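Q: If you want the building blocks of each chain, they are given just below.
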Amino acid sequence: MDTIAIPAINLAVIAPEVVLSVVAMALLLINVFVKSEQKGYLGYLSIAGILGTLLMLIPAWGSSVEGFSGTIIQDNFAIFFKVIFLISAAMSILITDKYLEREGCNQGEIYPLILFATVGMMLMASGTDLMTIFLGLEVLSVSLYVLAGFNRNNIKSNEAGLKYFLLGAFSTGFLLYGMALTYGATGTTKIAKIASYIAMNGVSSSNLMLVAGMILMSTGFAFKVAAAPFHMWTPDVYEGAPTPMTAFMSVGPKAAGFAAFARVLLVALPALKPEWSSLLWVLAVLTMTVGNITALYQQNIKRMLAYSSIAHAGYILVGFTAGNAVGTAGILFYMLSYAFMNIGAFAIIILVGKKGEENSNVSDYAGFGYRHPVLGIAFCIFLFSLAGIPPAAGFIGKFYLFSGAIQAGYIWLAVIGVLNSAASVYYYLRVMVFMYFKEPTEDFEWVKLTPAFVLCLLIAVIGVLVPGVLPGLFLELAQKAVLM
Amino acid sequence: MVSLNFYLVLSAILFAIGTIGVLTRRNAIVIFMCVELMLNAVNLTFIAFSKYLGNLDGQIFVFFVMTVAAAEAAVGLALMIAYFKNRESIDVEDMNLMKW
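In order, the protein sequences belong to chains U and A. Residues 0 to 483 in numbering that gives the first Met the number 0 are what the first sequence spells out, letter by letter. Residues 0 to 99 in numbering that gives the first Met the number 0 are what the second sequence spells out, letter by letter.
Be a bit skeptical, because a hint or two may be false.
[Unchecked claim] Listed next, the in silico DMTMM-like pairs over lysine to aspartate or glutamate satisfying Cα-Cα at most 20 Å (straight line):
1. 155/U to 102/U
2. 155/U to 90/A
3. 353/U to 100/U
4. 353/U to 444/U
5. 155/U to 92/A
6. 155/U to 93/A
7. 155/U to 35/A
8. 353/U to 363/U
9. 447/U to 363/U
10. 354/U to 36/U
11. 84/A to 102/U
12. 97/U to 36/U
13. 97/U to 475/U
14. 34/U to 108/U
15. 447/U to 36/U
[Unchecked claim] Every beta carbon over 10 Å from chain U, so not counted as near; a handful from chain A, in silico:
16. 0
17. 1
18. 5
19. 8
20. 12
21. 23
If you are wondering where the hints come from, they were derived from the structure by calculation, not from laboratory data. Here the structure is a predicted model, which is why all the values come from computation and not from measurement. Note that the Cβ used here is the ideal one computed from N, Cα and C, for glycine as well.
With the rest of the complex left out, here is chain U (with noise of 0.2 Å):
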């Protein structure tokens, strides 16, 4: 037996972490103190935290630090993601206040478990032990599993946080599998001496533990990022819980999944390339396929959405799978562009619904377009950007993830990816089509834009259109914080 010897503590690397944490701690406090009609100031209060988090993660942009003896690493990589969680939380909560009130469960708890959720995305993405990253997903998902279930009182909530916990414990238990089938082959969970262990004593894919392990951890990881066959649960939860919460859900814990997938398929386990690319090549062909096929035929908005999620997961599959810099570069620029014009359509979804979740199928926008111009061009711009189509942010992240593949060989990977692509335009185009040449039923005059949300949508516009327009800037820092 070693001893333990006491781990060189540089709490720097955990800063951001440690701000947000105890921001979000104190508006707990504060929540007991704070009127139920008032509780969307804890949310100002929260946006407040984050963007002190970022401004102290962007100076720290270049340099790359370890802290705790090695279990934690601040690199590039690591900023890059939590700049996306970090905007896909504040754009959340910008949309999460009125939905509440209308919904009536306006409870403050919301904002400091968002916090929490980001804290545990932060500590994925820059996780370089198996212990960490095991440990930031944990506090993502529990957090989660109350988010999905926050209206307690709406049964649809309360079934999609039960169906969320049972899933998510059930997948935690194969990647903790796989975790401890990795240890027991290679003798260590650090990422780093994992993949210098394989180098050294040259395992190889006959190792059936470690190769089993693997396979366990990425069925985990597929798990939370919803790829299918592990999709499941996706469409039933994204549908029931409480939609601010759906657009964070679908965004954050997306892009921590592929962060920590990345880090230990890329960095621990290069040696076992050939088998998990093939792997992930199977993910990632069922995981765009069945998610667009299923969403052509979705009535319900946020479900269509769901599977819509499901196949961008699979087209971020298409870069991993290619495991080239240029693959790594475009899940990078997609996941950032991704967050934009998911969570601007879900505020979209918000501002049309009506109490009880009603109003949400895709028929009630005939008319939208007419009634509402501004937020009638803004939908179609999101809309446009999640099928794919110039000149916005999405077209640019498709690119480079297909090219990406294309580079590393897999020519049809590609081309499926392309044709599911096209297949996709079918659905987004139908809303189009039922927000301008279909005959309004309804005046749509529930719909009132408040400042929070003409912020969420403006920083959602700008942040689609921008990076597809000028595309460089953005994926040169991509390519800065790519693993390799």
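Using the hints provided, position chain A relative to the given structure of chain U.
A: Showing chain A alone in chain U's frame:
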């Protein structure tokens, strides 16, 4: 001394029992207990490896797994109570409000 393989086989069997339980049982609490069984199977794997590799990482991992399992149980049971209040059942067959 019992060899490592016995522990690994035992934990694999426990893990399989847990998985089968999750897939076949209908009561949410029983499903959750099966998940706990899976986690404990993993803990056994970690401890066995830790002992045979002469390395403490696995045992530390087990502490974290147990802590997380406790937190999950707290949240999970609270979600079940909220669901039960509205639905008066925690049978997963009844969780069918959202389909296709």
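Q: Please go over all the hints and tell whether each is borne out by the structure.
A: Hints, one by one, checked against the model:
For the given pair, residue 155/U sits about 13 Å from residue 102/U by alpha-carbon distance, which is consistent with the 20 Å threshold. The straight-line distance between the Cα atoms of residue 155/U and residue 90/A is roughly 15 Å, inside the 20 Å bound, and the hint therefore holds. Taken as a hint, the residue 353/U and residue 100/U pair is honoured in the structure, with Cα atoms around 11 Å apart against an allowance of 20 Å. For the proposed pair residue 353/U and residue 444/U, the alpha carbon gap of about 11 Å is at most 20 Å, so the pair holds.
A C-alpha spacing of about 14 Å is found between residue 155/U and residue 92/A, which places the hinted pair at or below 20 Å, so the restraint holds. A distance of roughly 12 Å separates the Cα atoms of residue 155/U and residue 93/A; the hinted pair therefore holds under the 20 Å criterion. At roughly 26 Å between alpha-carbon atoms, residue 155/U and residue 35/A are farther apart than 20 Å, so this suggested pair is violated. With a C-alpha separation of about 11 Å, the suggested pair residue 353/U and residue 363/U falls inside the 20 Å cut-off, and the hint holds.
Proposed proximity of residue 447/U and residue 363/U is supported: the alpha carbons are some 17 Å apart, at most 20 Å. A distance of roughly 17 Å separates the Cα atoms of residue 354/U and residue 36/U; the hinted pair therefore holds under the 20 Å criterion. With a CA separation close to 18 Å, the supplied pair residue 84/A and residue 102/U stays within the 20 Å bound. For the hint pairing residue 97/U with residue 36/U, the CA-to-CA distance comes to about 11 Å; that is within 20 Å, so the pair holds.
With a C-alpha separation of about 37 Å, the suggested pairing of residue 97/U with residue 475/U is violated against the 20 Å cut-off. For the hint pairing residue 34/U with residue 108/U, the CA-to-CA distance comes to about 13 Å; that is within 20 Å, so the pair holds. Among the hinted pairs, residue 447/U with residue 36/U is consistent with the structure: their alpha-carbon atoms are about 18 Å apart, no more than 20 Å. For residue 0/A, the shortest C-beta to C-beta distance to chain U comes to about 16 Å, beyond the 10 Å cut-off, and the non-interface label holds.
Residue placement check: residue 1/A keeps its beta carbon more than 10 Å from all beta carbons of chain U (closest about 16 Å). No Cβ of chain U comes within 10 Å of the Cβ of residue 5/A; the nearest lies about 14 Å off, and the non-interface call holds. Consistency note on residue 8/A: stated as away from chain U, and its beta-carbon is indeed over 10 Å from all of that chain's, at 13 Å minimum. At roughly 13 Å, the least C-beta separation between residue 12/A and chain U is larger than 10 Å, which holds for a residue marked as non-interface.
Non-interface call for residue 23/A relative to chain U: holds, since the shortest CB-CB distance, roughly 13 Å, exceeds 10 Å.
Consistency note: the structure conflicts with the earlier hints numbered 7, 13.
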